[in-house]
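Colleague: If you want the building blocks of each chain, they are given just below.
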Amino acid sequence: MSATTLPAVAAPRSRPGLLRRFRRYPLPSIGAILLLALVVSALAAPWIAPHDPFEMNVVDRLVPPGADYTFGTDAYGRDIFSRTLHGGRVSLFIGVSVAIASTAIGLLIGVVAGYFRMADAILMRVMDGLMAIPGILLAIALMSLTRASIWVVIVAITIPEVPRVVRLVRAVVLTVREQVYIEAATAIGTRFPRLMWRHILPNTVAPLIVQATYIAASAVLVESYLSFLGVGTPPEVPSWGNIIAEGRLYVQIAFWNILFPSIFLALMVLSINVLGDGLRDMLDPRLARRL
Amino acid sequence: MGSYIARRILATLPVLGVVAVIVFLLLRLSPGDPAAIIAGDHATADDIAQIRRELGLDRPLLEQFILWLGQLLSGDFGNSIYLDRPVLGLIAERVEPTLALSLTTMAFAILLAIPAGVVAAWRAGSWVDQAFMALSVLAFSVPVFLIGYGLVMGLSLGLDILPVQGFVSLWDDPLGFAAHLVLPTVALGLVYTALLARITRATMLETLNEDFIRTARAKGLAEPRVLILHALKNASVPIVTTIGTGIALLIGGVVVTESVFAIPGIGRLTIDAVLQRDYPVIQGVILVIAGIYVFVNLAIDLTYSLLDPRIRY
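Chains as they are written, first to last, in our numbering: chain F, 1 to 291; chain W, 1 to 313.
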């Protein structure tokens with residue numbers, strides 16, 4: 001978002017140190033630090049969580065936040081704080097998996113569509129069709145096909161994200177292949193794999209990193225929506241969406257059941273989005289207009 | 001002009017065709033026997049065989065598709081397995097709450113986002129701009145249910161003016177209808193506002209750097225006139241396009257919001273259908289929603305080609 005005030009910073013050939021770049025973009029830096037804290041707390045959950053996230057305790061049902069239970073307990077007497085920390089692992093895993101999977105698949109299809117005219121028409125019509133179906137609706141429909149598991153959630157969230165990556169990659173490939181240096185490379189007899197790998201694909205890296213970041217944020221949010229609706233990760237998995245879905249029954253008497261996991265969820269999505277904005281401004285200010 | 005419209009309308013046919021193929025293949029390509037999935041966990045082999053026959057799942061794939069497409073084109077979207085009623089009828093019964101919430105949300109977002117985006121771009125870099133953009137990335141990241149339950153909690157604690165659950169038809173009780181829509185509209189609208197405000201700001205920034213803006217200012221036009229008549233009008237194509245493509249995002253949000261506020265709309269219908277493995281309903285909902293999405297975006301494109309002669313290509 002500060003790209004417009006500092007448009008000259010990301011000139012293609014200037015590469016100042018990472019630290020200096022981060023000082024110029026305070027908001028993305030805060031986002032990165034926040035995200036790092038969330039990642040560490042999620043990865044370290046088994047060691048830093050004060051309780052077993054699955055341990056039920058009939059006596060301590062719906063205990064408000066306090067000394068024993070920082071974030072209170074749920075209807076089964078399970079510690080919300082420990083469950084929230086463990087939930088971060090699920091969200092993080094899904095966010096990263098979806099980002100990697102949709103970027104890889106989208107890159108492959110996008111390159112084919114951008115380079116082979118014959119395939120382009122067919123592939124892009126398929127992508128148009130996929131984009132006409134709202135992502136959450138498509139994910140919900142995919143979830144209904146088989147027994148729920150984290151892997152099915154990843155597939156269900158990945159498929160609706162693919163067309164956006166394809167469009168991005170295809171646009172880059174179409175622009176780049178008309179450049180004079182590609183013509184020159186072809187003229188001196190560069191073979192297709194090398195042409196692709198050395199001359200065309202490097203141009204997709206910056207926009208793809210930015211796009212992958214936004215996809216990760218969206219995937220974390222969509223997973224929570226699916227679980228909230230009861231069609232996401234299996235109910236026994238302590239994902240943020242599941243904790244919130246269980247907590248909604250007691251929202252009037254024990255709001256902490258949904259408040260704390262929601263805040264963690266919002267912070268993670270926010271920090272990834274802010275980081276994405278920062279990366280976009282640093283790597284490619286022109287991308288801001290296309291997204 | 002006429003040929004542009006004709007070409008544009010024809011271009012939507014393959015998209016709709018692809019949507020139909022995707023929806024058709026969804027069930028057929030799922031791991032496992034679709035008839036067994038539909039029959040559920042307690043079905044006997046006879047039940048499964050009967051469902052397979054009834055749905056024509058024992059015929060060749062292409063034949064199934066042509067048969068199914070023919071039914072769709074004659075307006076037959078099949079029957080709900082669970083309720084044994086036509087799918088289109090079920091969707092029609094649930095359309096009012098969903099349509100109402102979508103329209104109020106869109107109106108809310110447009111009224112809030114466009115002025116905010118214009119001001120942010122006009123004062124780019126200022127604290128107003130930074131505050132608006134920080135708010136927009138925040139609203140874009142906060143899950144709908146956090147805003148929703150936050151509103152519900154806030155109101156149940158203090159003010160007891162607005163209903164926090166359910167839906168009342170416009171035809172039964174116009175006031176109750178409006179009252180029930182306030183909280184869901186705000187909860188969902190904030191997310192959509194964030195998206196629109198970001199796009200408005202980005203497009204306005206680009207337009208404000210154009211030469212004709214400098215000319216307009218140089219000849220002494222009042223700033224509001226420059227901003228609205230010269231800049232916003234020229235920036236409106238990408239903004240309205242985003243409103244159109246944003247419908248996909250909006251529908252997703254509506255499904256979640258309906259669940260938070262217990263609104264009996266298309267979202268609830270879909271979730272119930274998924275939980276009951278009622279595939280004809282799921283297929284019908286996706287087809288109808290995707291169809292609406294395609295036609296709204298077609299309408300937006302055509303409107304623009306009428307308003308802006310440069311867009312005819």
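Calculated from the structure, these hints are not laboratory results. Hints may be right or wrong, so weigh each one.
Among the chain F residues that face chain W by a calculated CB cut under 8 Å, a handful are [said to hold, decoys possible]: (1) 107; (2) 111; (3) 115; (4) 117; (5) 118; (6) 119; (7) 134; (8) 224; (9) 244; (10) 258; (11) 266; (12) 270.
Beta carbons are placed, not taken as given, at the ideal position from N, Cα and C, and that holds for glycine.
Colleague: Indicate, hint by hint, whether the structure satisfies it.
Modeller: Here is how each hint holds up against the structure:
1. 107: Hint violated; residue 107 of chain F Cβ to chain W Cβ min 21 Å, cut 8 Å.
2. 111: With a closest approach of 21 Å, the residue 111 of chain F hint is violated.
3. 115: Violated - the Cβ of residue 115 of chain F stays beyond 8 Å from chain W, reaching only about 21 Å at its closest.
4. 117: Given a least distance of 17 Å, the restraint on residue 117 of chain F is violated.
5. 118: 16 Å, violated
6. 119: Cβ of residue 119 of chain F sits 15 Å from chain W, so the hint is violated.
7. 134: 4 Å, holds
8. 224: It holds, given that the least Cβ distance between residue 224 of chain F and chain W is near 6 Å, below 8 Å.
9. 244: Status holds, d = 6 Å.
10. 258: 6 Å, holds
11. 266: 5 Å, holds
12. 270: 4 Å, holds
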